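There are 2 protein chains.
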Amino acid sequence: MPFRIDVEGCLTEPGRDDALTGEDLKAGLETLTPATRKLAEQRAAGSGPEFLQLPERTEDLARAGELAASLAETCDDILILGTGGSSLGAQALYALADSGYGNRLGGPNLHFLDNVDPHSFDDFLAAVDLPRLGVVAVSKSGATAETLCQTMLVLEALLTEVDESRLARQVAVITEPKDSPLKALAERYHLPCLDHDEGVGGRYSVLSVVGLLPALLAGLDAAALRRGAKEVLDRSLGGGAEERGSPQAGAVLSVEYARRAGLTQSVLMPYLDRLGYFGLWFRQLWAESLGKQGRGLTPIRAMGAVDQHSQLQLYLEGPRDKLFTLIRMSEAPEGASIPADLAEDPALDYLAGHSMGDLLDAMARATAETLIRHRRPTRVITLDDLDETVLGGLLMHFMLETVFAAELLQVNPFDQPAVEEGKQLARDYLKKGARESA
Amino acid sequence: MPFRIDVEGCLTEPGRDDALTGEDLKAGLETLTPATRKLAEQRAAGSGPEFLQLPERTEDLARAGELAASLAETCDDILILGTGGSSLGAQALYALADSGYGNRLGGPNLHFLDNVDPHSFDDFLAAVDLPRLGVVAVSKSGATAETLCQTMLVLEALLTEVDESRLARQVAVITEPKDSPLKALAERYHLPCLDHDEGVGGRYSVLSVVGLLPALLAGLDAAALRRGAKEVLDRSLGGGAEERGSPQAGAVLSVEYARRAGLTQSVLMPYLDRLGYFGLWFRQLWAESLGKQGRGLTPIRAMGAVDQHSQLQLYLEGPRDKLFTLIRMSEAPEGASIPADLAEDPALDYLAGHSMGDLLDAMARATAETLIRHRRPTRVITLDDLDETVLGGLLMHFMLETVFAAELLQVNPFDQPAVEEGKQLARDYLKKGARESA
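Sequence order for the protein chains is A and B. All residue numbers for the first sequence refer to the working numbering, where the first residue is 5 and numbers rise by one. All residue numbers for the second sequence refer to the working numbering, where the first residue is 5 and numbers rise by one.
Next up, chain A with everything else stripped away, as it sits in the complex:
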């Protein structure tokens, strides 16, 4: 497996008021056996949740690869338009290639505008070279107001600088293969179009072309992402289902702690900047899948070590209402050591000769241990490396964990019934036209 999960820091001795023992975990895992078996059967039969099929697909990658190559040829920068599940997965993947200072892999730089703030939007358009800008607009339904608004304004901006016939070489669309406003725009300008799988909701789409076209554009190994996901899927729905590090175990821990000890929040805290967007992807996945019928823990993305200087006081001495998942590397990258002559101050002897990675790792281990000492349930995921295979595995792990948590909470992990109401109201306000500035 591409990573190890240690849940000992979540397990307590019997008799304590908030106890969740190894025996309790085992009992919880047994209740999930039928659900695991059912998913495994559905996967084998090609039925059930379609995201389970994605790791073994190949034909869609070929088409996405051609499109990526053609866009990358004409474009230095690629703008990904889309919001929520149409953007967060791709952002999680692209973080492997770019720390914020440009694409290290030599491909085009990707930019994600997933909001509709005209201020940032205009700043982006002013900064970019429009004739060398590629655009990928992503909307499952083809009717998302934000994405349509952005796409139309970008098309208009492009048309001020390039000929209409060129749009088909700069702009592509990912949407379901049915009539929609986005589909109509694509047809009008003859834009290349990839199909959004109809059976895969946005927040489960990262291993479809929604995540993998951007990954391919960036120069990442999309097949390796799927390979890592497949490895976790095989094991989680097979012999590894009852291991303490399984997705099922993660689901049991969250839901049982919520039930027994009143936990209301689940904190995911990677000690790697490259997993920052992965944390935001998880935050959507967990919140939208489980937050219904008055249930669901609030997912919180924290970043190690920096949030030790922001949230750790609350985590250690605030209410005992959080489950923690820390992610760390087992080996620091080879990095420059702090030069001994700069660290000659006796107060710095603990730093001399160490690298920044050593410091980060010491912080991660110290924080995990301190949380556990303060009786905050804490699990630790240890990565030996962070590449496409590992990230693919992490993505699949958390999608499965979410689906199993939904099983325990008795909610549907694939719908989001509450968000329609606000969308309709926003449309009504726009139709009425007048801005209420009071």
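Calculated from the structure, these hints are not laboratory results. Take the hints with a grain of salt, since some may be wrong.
Given that identical chains are not distinguished, each listed pair holds provided it fits within a single copy or across any two copies.
Lysine to aspartate or glutamate pairs mimicking EDC-like chemistry, simulated, CA-CA at most 20 Å apart [what the hints assert, rightly or not]:
(1) 435 x 425
(2) 30 x 12
(3) 234 x 345
(4) 234 x 191
(5) 427 x 353
(6) 436 x 353
(7) 234 x 54
(8) 435 x 102
(9) 182 x 349
From a predicted model like this one, the values you see are computed outputs, not experimental measurements.
Following the hints, complete the assembly by docking chain B onto the known chain A.
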């Protein structure tokens, strides 16, 4: 006042089980009268929390202005090193100048490395032009491990490309005027040094040189930031203390909802990208100030409208455990309208002729109304504009709200006793040397 706060969406009719009525709010405000009076007296006497004095200082700005001018002259990019309160305030301010695509004001581009991930750190150093790089290292104590580690590695990198004598023109330090490892480094290389106020903790330091040197470097109007803060301070400790939009009222709402209805989380959700870092600044302020003795609501930074596609399902139909604060603009900026010929699809009639800002505003209003319909306590802050004066006012509002919430929770808003334990443990691990990779 530079903004309006509407709390009607937090107030309910008497008789409901989770009721907090206008009368309850009034009663809560009265309990804070002595605390308000005390702060006003302390402010007048120059005693008490020192952050109250910052809005009227001027001499420190003159010195910071000179340093900023000298750094900006030799540098195209400025790296701000520091973590937690040594960075988040400056990031909140810099967002006024830069949406992520460069400094719109024409000054140098600022970069904030507030973590110790060697991967991002090395990517930054590889991307930047070292002879034109300015550095400001910020640590109140001068002994923060992360900041020292970063500073030493940056100094080493600089010394590979520039002469040691030039460091004093490229690197500056903000720290307390006493012996410390950072101070020793500054002395060794004759680096210019600004004093960190000893009586102002990091998370209350945004209106000191810690926030204002970066603001000045970026080309922002630091005096206007202080002016906006002063306006809010005058009113909040004067005749406006008992208004429903006062910081005191915000504190009462949070604490009373936690007490009566079991709320555990406070969500700050600006519908402006430029307030994204402000939200992260608030998250530290609130968590570290209040999260102690088992008390404190968890602060959550959400972003409108994008988090409607990530968190809104949970917010509307998950547990009723959150207080919401939305921030919106009363007027959208003049922006391009969606061209009618692109939006000719009948399904898009609600968008045609509207700007992106209109859409964003409709989303903000619709979300506020939907939250209230779902009986989630929701207040709305409306800005007529977003400039230095308004941002300064918002910063002061939330610092005061935090201090008053601490008064109601009976905790000390100025300490963070729990974080020392983990720091010491991390030092021990580093001293032991061996990495535990098991």
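Verification of the hints:
1. 435 x 425: Cα proximity of residue 435 and residue 425: one copy only (16 Å, versus 57 Å across).
2. 30 x 12: within (13 Å within a copy, 48 Å between copies)
3. 234 x 345: neither (49 Å within a copy, 46 Å between copies)
4. 234 x 191: neither (35 Å within a copy, 56 Å between copies)
5. 427 x 353: between (58 Å within a copy, 15 Å between copies)
6. 436 x 353: between (67 Å within a copy, 12 Å between copies)
7. 234 x 54: Answer is within: at 14 Å inside a copy they meet the 20 Å cutoff, but 57 Å across does not.
8. 435 x 102: neither (41 Å within a copy, 33 Å between copies)
9. 182 x 349: Answer is between; shortest inter-copy Cα gap is 15 Å, intra-copy 68 Å.
Comparing the model with each earlier hint shows violations of hints 3, 4 and 8; every other hint is respected.
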